[in-house]
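**Student:** Protein chains in written order, with numbering that gives the first Met the number 0: chain A, 0 to 321; chain B, 0 to 442.
A few of these clues could be false.
[Claimed, not checked] Only some residues are given here: those of chain B computed to face chain A with a beta carbon under 10 Å: (1) V8; (2) D241; (3) G332; (4) K333; (5) L350; (6) K370; (7) T403; (8) H417.
The set of hints was computed from the structure by calculation and includes no laboratory data.
Nothing here was measured: the structure is a model prediction, and the numbers come from that model.
We put the CB at the ideal spot given by N, CA and C, even for glycine.
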Amino acid sequence: MSNKLKVSLSPHVHSGDSIRRNMDWVIIALLPAMLWSFYVFGLGAVIVTLTSVASCMLFEWAINKYILKNPKTTLGDGSAIVTGLLLAFNLPSNLPLYIIIMGALFAIGVGKMSFGGLGNNIFNPALLGRVFLLISFPVKMTTWPEPHQFTAYADATTGATPLADLQSAGIGDLFFGNIGGSLGEVSALLLLVGFAILLLRKIISWHIPVSILCSAFVFSVLFYAIRGGMSMGDICMLSLKHLLAGGMMLGAIFMATDYVTSPMTHKGMLIYGACIGFLVICIRLFGSYPEGMSFAILIMNGFTPLINNACKPKRFAKEVKK
Amino acid sequence: MKTFRIGGVHPQENKLSAGKKIEVMELPKQAVFPLSQHIGAPAVPCVARGAVVKVGTKIADAGGFVSAPIHSSVSGKVAKIDTIVDASGYRKPAIIIDVEGDEWEPTIDRSEALVRDTTLEPKEIVARVQEAGIVGMGGACFPAHVKLSPRTPVDVVIINAVECEPYLTADHSLMMEKPDEILVGVSLIMKAVGVKKAYIAIENNKPDAIALMQEKAKGFAGIEVCPLRVKYPQGGEKQLIDAVVGRQVPNPPALPADVGAIVQNVGTAFAIYEAVMKNKPLFERVVTVTGKSVAEPKNLLTRMGTPMSLLIERAGGMPEDTGKVIGGGPMMGKALLNTDVPVCKGSSGILLMTEKESLRGEAQPCIRCSKCVTACPMGLEPYLLQKLAEHTDWERAEAEQIMTCIECGSCQFTCPAHRPLLDWIRMGKGTVGGIIRARAAKS
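Just chain B, same shape as in the assembly:
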């Protein structure tokens, strides 16, 4: 069974919420929309305090080409435009809306019927995707319309349904409940970029999803399910392309399109279906709430802007012994300062860790076991990059390709000496990145 060629680790899967049907989360009293929910320029508000909005009304315009508009997920009145502490821990501007009722924009098609065909041209499909504010829903939130406008010709689309992070099951549950819609979304992506072949990559710890998608894909030309051996970080774009079609994307500025491939998360494919076929902009998503002490781990269909504390309540409340709340999965997710943080376009999961689980082991000297070298999916030497960053040897760090690191955490996960490898490497990347930018600016 296929998988990527270099490195990788096997964290415990802990898919506590697997098989749980998606439940609809109730509306909050107040919805908060940070203006930066995507890679690129923040969105610019196009409503003012007091404005009346419906579900699906655009409340912020894209701030540039690499940016995305934001749509309200609730109906009500704009309370204020203020700064809030978001998942990054920093204060960022956001639009805050007091919720009244649940009135939708009349242009949105709310019927359940599957719409298979469209007469839209590829450019029109991409325009719809852009207008709907679709960004990558795997967590990176890259504006989808930019990805769907590659600068080089591509020949394959890969749908990332791998969900390699432990605990998360949002993509899995979406596949089990909306397989047809996803497949239409995939065919829209194929039409938009002009390819005849698409793979839906699913790790083989989801045999029910593999079987269901294989069955449904028979009705769609050019779409093939590609089961993959479970290994983290298979969902990383570069690793996924290597696993599915055996091509390795070179270092930046190269992009996946330069090896002829485009990768989109399966949730993004579903959102594209809803945007193009149902005229529905991106304002809700499935969020997994999970954790070993959580009373009822769930997959919740949530309107963006809902505070995460409400989802935790819905899953049985915050357990007594909670030590850490993570937005995302345990390998790459961000630890949150508080649970008032709103659900955003990239919020794939909320993971509650117990006090005991939240503690790191005490760091010991490096014993040169080379397990980090074996684990690194980019073929780097984390033990060395950590030492170089600690000793501020930036020239050598750059030569040893510190900028290639994808920050997947496999090295720190593996290290028997519990060394904070990724902490140092991240710091090193920041400094070396600054040196590279300064060098480029000078020349």
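Next comes chain A alone, as it looks inside the complex:
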């Protein structure tokens, strides 16, 4: 036989899954919310999104080539695009270009590449970028344009978002997304559509988003009940609004579920999600920031290695049953 046979170890087949495929489906799952942000926030949304994605890709390529001196680019796995999109989703649509670019540099450079690139970072890079910008540019990062100004960018009229006065916010507006806020967080409905896509394509499991939302709801009810002065019906309605307002949905579905920075077992994911839910409500109700989702997730990212040590998968024959 003239053929030389390849000899390698089993298994000799592969599922065909790839990092790229998973990133592609995350991008597809983000599309409904992204298109809605273009509709609600117009030109500003397009500018912010494009700038964020392009900057993230540029910085990853440049750091890889000139600082790490890698012969191969890592852009092919699609994770820089996802980070760019998620960073954009956390920004107001009138944010100046130079701030977006600095955010991308921090997210990719400090949040991802300095730890060793994809797979090695401890904290969610997009959230690190957002928090860096929040601390460095507090006014510009907490001034949101009113919805439905189609051609506005830096000159948009700004106004308060529902989180400032949650009790009077309409639950329908919160659910469908006829409200102001950061780009990707406004439409709970479209984010849930994204969640469904991720579940159906088996990109993520239900454990983290469900545990975050349930925990946030429970602690919100608990804290309002302890504070007193509201009927249980009103407390439940307000707690439901908490789930729909601000960065809760976006964080629960797309940020906390980031593979690299979240736990490896279902048990660990439930604990992680429960703690995030608790923290976000604490920060919203007792802290001085109106929104606590980014901090809650970043804090729990830090605990993920400990959670992984403590929460092992169920071993075969752990309990010998007959």
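Since the structure of chain A is provided, determine the placement of chain B on it from the hints.
**Tutor:** Just chain B now, kept in the frame of chain A:
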């Protein structure tokens, strides 16, 4: 529908040779019998160069209790006893016989008539199984008589007709053509170990086999067909027992018998029928020859010792674009160095992979997606075991139960980053196993 509880994956089934009637493979010119075709001590030759043998003549004695004798599958003269490169890639001793004619030992009953009943006692049945050189034909080749002599009482026999590896259809075709013989074999196993209940486990991608065996089993007391949901590695002994009777076998030194179960491959059950009822030792088996470029995928009844190249010829020849030849299935089979390797007792299939299929994806960093954790049927964390093996942290690897790994390959199959998880884990198991043995030897 039942299946095992932890982990598992769904490779493409690719049962290209399903429904193909078993064809009889022609005799080779030379038959090669490696002395180690089973778990345990290699067999010891009992014939010398020049000896004349018939089909069914014993040519090697068992090398101990956990061992098995080897019988010639051809008639002719022993050419030499030499070393050959076998499926493992290493040089191992083998008996090589020049084939002349096809003369069988007169004690073998060659008639087709079904023999249902026997007056043999359980111990006699086990002795017949031992004399006939029967080993597990699912691929592991564990001597059957050892399994049929459990140290603890058992209450259920499970027949493994699951054939969970993609491409392989040898067991499926055997069930479609020899259902009665298989059922008699199962009842012999039940009698040998003293149980009243046996399950024949079949995955539900074989509805014709399920229906046929269910129909035929009506005539046999205590035998029930158990259809299972398709999931790999359902054919793994531990996973199968979990799926069928809901019992999980603990880590070694525990054995399935310790939870009251004995598992035998359906091909082994058939071989036991032939050995006990027809006085026929184990010297032939059904081998699936398959692959996406193979002209005519087939199920071939083959005499042991036939070089695999002849089977490939029979299936239409080696395709131009062949990149890899696998002995067994794609998940756990061994890639062969050449096709002169002889068919042995555990050779369930020959899979020819194209050049393109033979290439692995390029490995990327672990993205901590935990798909390997979800896939592992033993509840381990393959991403972690791989890292520990790579960083030679043997103490932690042992603590994280690396020795429990059954090497099914589900983790590496699933990994989106194409990481060689099982390669590293296998290496880690080897080292940690050595450390454990050294520790035991010291104390």
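**Student:** Hint by hint, note whether the structure agrees.
**Tutor:** Consistency of the hints with the structure:
Because the beta carbon of B/V8 sits about 7 Å from the nearest beta carbon in chain A, less than 10 Å, this interface hint is met. Interface hint status for B/D241: upheld, as the beta-carbon distance to the closest one in chain A is roughly 8 Å, under 10 Å. The restraint placing B/G332 at the interface with chain A holds, with a minimum CB-CB distance near 6 Å, inside the 10 Å limit. Look at B/K333: its Cβ gets to within about 7 Å of chain A, closer than 10 Å, so that hint holds up.
The interface hint given for B/L350 is met, as the beta carbon of that residue sits about 8 Å from the closest beta carbon of chain A, less than 10 Å. Annotation: interface hint on B/K370 holds; nearest CB of chain A at approximately 7 Å, less than 10 Å. Annotation: interface hint on B/T403 holds; nearest CB of chain A at approximately 7 Å, less than 10 Å. Because the beta carbon of B/H417 sits about 7 Å from the nearest beta carbon in chain A, less than 10 Å, this interface hint is met.
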